[in-house]
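Novice: We have chain A already, so just place chain B with the ligands on it with the hints.
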Amino acid sequence: MTDLPQRPTAHAAGVPASDVPASQVPASDVLVSARGLEVHFPVRAGGALRRATGVLRAVDGVDLDIRRGETLGLVGESGCGKSTLGNALLRLVEPTGGTVTFDGTDVTGLDRRALRALRRRAGMVFQDPFASLDPRRTVRQTVSEPLEVHGLRSGRRERAERVAELLELVGLDPAVADRYPHEFSGGQRQRVGIARALAGEPDFLVCDEAIASLDVSVQAQVLNLLRRLQRQLGLTLLFISHDLSAVRYVSDRIAVMYLGRVVEVGPASAVGSDPQMPYTQALLSAVPVPHPSLERTRQRIVLRGDVPSPAAVPSGCRFRTRCPYAFEPCPDVDPALQPVGAPGQLAACHLHGVVGRPVERAEEAVPAAE
Amino acid sequence: MTGAPLPEPAASPTATEEGVPSTARPPQPRWRQTLVLLARNPTAAVAGTVLLLIVLTAVFDEAIAPTGPNEIAVEDRLQPPSLAHPFGTDDLGRDILSRVILGAAVSLRVGFLAVTFALVVGALIGLLAGYYGRWVDDVLMRFMDILFAFPAVLLAIAVLAVRGPGAGNTALAIGIVYVPVFARVTRASVLGVREDVYVRASRSVGASDWRLLTRHVLPNAAPPIIVQTSISLAFAVLAEAALSFLGLGTQPPNPSWGLMLAEGRGFIDLAWWLAFFPGMAIFLTVLCFNLLGDGLRDVLDPRQRTLMAGSGR
Ligand SMILES: Nc1ncnc2c1ncn2[C@@H]1O[C@H](COP(=O)(O)OP(=O)(O)O)[C@@H](O)[C@H]1O
Ligand code: SF4
Ligand SMILES: [Mg+2]
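From first to last, the protein sequence lines stand for chains A and B.
Mapped onto my numbering, the consecutive letters of the first sequence carry residue numbers 1 to 370.
Mapped onto my numbering, the consecutive letters of the second sequence carry residue numbers 1 to 313.
Same shape as in the complex, but just chain A:
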């Protein structure tokens, strides 16, 4: 660190990124929390030895708080690590670093039994409803699986009642319980998937691109269903999507992800209309405005270049290779989330003051796609 060029601002605020709280809310209001969360996959060369030749940083130091009862939208381009983050929060993918806290408990070290208890309280709705239902099992078998696994509602009658209740809850006729998935449309299948996720009465649901593979006409209905269920059941939702307009529609707060890191987070109204991080601004400028005259004056910020590979993350600010505002400190200091703009809004960008962890010499060897 000593041989780095002296940057007073950087050093004055030389705070390790993971020590910066992602939001200033009382801990009791937070249901799920990630600190410095990392999921690195080994990149293996082909061949008999299968040696790891590098690391793919799918999730690379995420700080994120999800508040009880809120819908947090998670946006970012395809491949930026949204699914991996969602899976890591539920420990469906093992984190390689950092911590995940669920309702005050660190879940990164849970044993098998505790993990099963977590599975009841936190569920997932998957993207493709044609792939997420076992084709050989009826709707009843699929929806009652969580009940069997967790020993809820033992007894045929009670279980049948609960399945009927769940199907009604998601807007399906309970009479279809004994049918197989191939007899349903995409929207209906997704409702079955949602019913399964709700069977254990979870507090937290990750919806990973839950409407992306549905017909446009059906998307709004499933979106509205999720909104209704969230209110009715007091669910906490992590709504993952690459579609910023869908995210703005359902979310209380929005987190923006770029190359494995949350780079901006805050109230949906603030992030969705007055973003403080150049990447969010570019994302937002690509969303059509429904008002004709506003649409004509809309300024599109076209990003140059491609997204770098998560196996070769640029040093300092990971967005710098495409950022129209990149300046002197960007390659040398990895920006931390800092409060900017509206209350509760955080962005990781040096334009608001150089805050973050200076790049170490070794890290500079990482080839930057410039």
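The hints are simulated quantities; they were obtained by calculation from the structure and are not laboratory data.
As the structure is a computational prediction, the values presented were derived from the model and not from experiment.
The beta carbon of each residue, even a glycine, is placed where N, CA and C say it ideally should be.
A hint or two may mislead.
Pulled from the structure, derived: some chain B residues nowhere near chain A, Cβ distances all over 12 Å [said to hold, decoys possible]: (1) R40; (2) L83; (3) T116; (4) D145; (5) L172; (6) A188; (7) A201; (8) Q251; (9) L270.
Residues from chain A that face chain B, not an exhaustive set, calculated with beta carbons under 8 Å [as the list claims (entries may be wrong)]: (10) F126; (11) L133; (12) R136; (13) R157; (14) G200.
Specialist: Using the frame of chain A, we list chain B with the ligands on its own:
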């Protein structure tokens, strides 16, 4: 909220967007669908029917057979096929039809036992190797490779040499030979299913590994294993015949098709019927198991099922 408001659905939020399939037609269980489809495949249907008859014959062998298997009537020796002895008699005057019928029980019992052993052990190994991967896969499949590298007959002979001849040991010997085949087929099928989203979805609601394996992975990986079972039954019947022919399988005087073939070989110029009828029995059984296997391969293809259901995507 600054986002563009999306249109609320016209109907109440509990209404579904598309008509739920609401016909009163009760859903058909999978095995029934399989049977219906199989019946529509003429080759497989004929093969299945013939096999059913052969199996029934084997089960009710003593009731059906005109005489006992080892009833010697020296005065009737080497009679050609006639009304009294439709398949003729052998050199000891034993009725060949009766011996073919009673031999069916021996041949099929050994075949079924052998394939059951190979299926249970092989599928379990393939399931574990395919599901857990990594070192479990490496260790189990290298072991299977070694077993597979031995010539099949040599391996079976080695097993019988150690354990002695007899129906049970013959089945074991043949079963061991086919374990690697089932292990490979199962592993390949499991690898294709393991990463399916519905498996992850079940994991996400807390299902244990055991539950995932038995309720989701195995049923979805089953079709190629079922096909392999049918084809292996053909091979096992053939293998039992071969081992008996070599004098290692079923021991005289008990009838087995392979043994009868071996015994009839010496009289092939004099009395063709001694070898012909047991040979035909082997041929027919092997052919039918193969044809049924082919039929099952087509029928268990999920795309066929969608065609039949006439709905879905
Ligand atoms: N199991 C895995 N092994 C190796 N790489 C993976 C794995 N899962 C995801 N990745 C990689 O991690 C990155 C992030 O993927 P993902 O989380 O699916 O992104 P998103 O959901 O935002 O599209 C991608 O480059 C992807 O190829
Ligand atoms: S830190 Fe620099 S490169 Fe990164 S977004 Fe801000 S200005 Fe652009
Ligand atoms: Mg994804």
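Novice: Each hint: holds or not?
Specialist: Results of checking the hints against the structure:
no.: 1; hint: R40; result: holds (19 Å)
no.: 2; hint: L83; result: holds (53 Å)
no.: 3; hint: T116; result: holds (23 Å)
no.: 4; hint: D145; result: holds (14 Å)
no.: 5; hint: L172; result: holds (33 Å)
no.: 6; hint: A188; result: holds (19 Å)
no.: 7; hint: A201; result: violated (5 Å)
no.: 8; hint: Q251; result: holds (45 Å)
no.: 9; hint: L270; result: holds (57 Å)
no.: 10; hint: F126; result: holds (6 Å)
no.: 11; hint: L133; result: holds (6 Å)
no.: 12; hint: R136; result: holds (5 Å)
no.: 13; hint: R157; result: violated (20 Å)
no.: 14; hint: G200; result: holds (6 Å)
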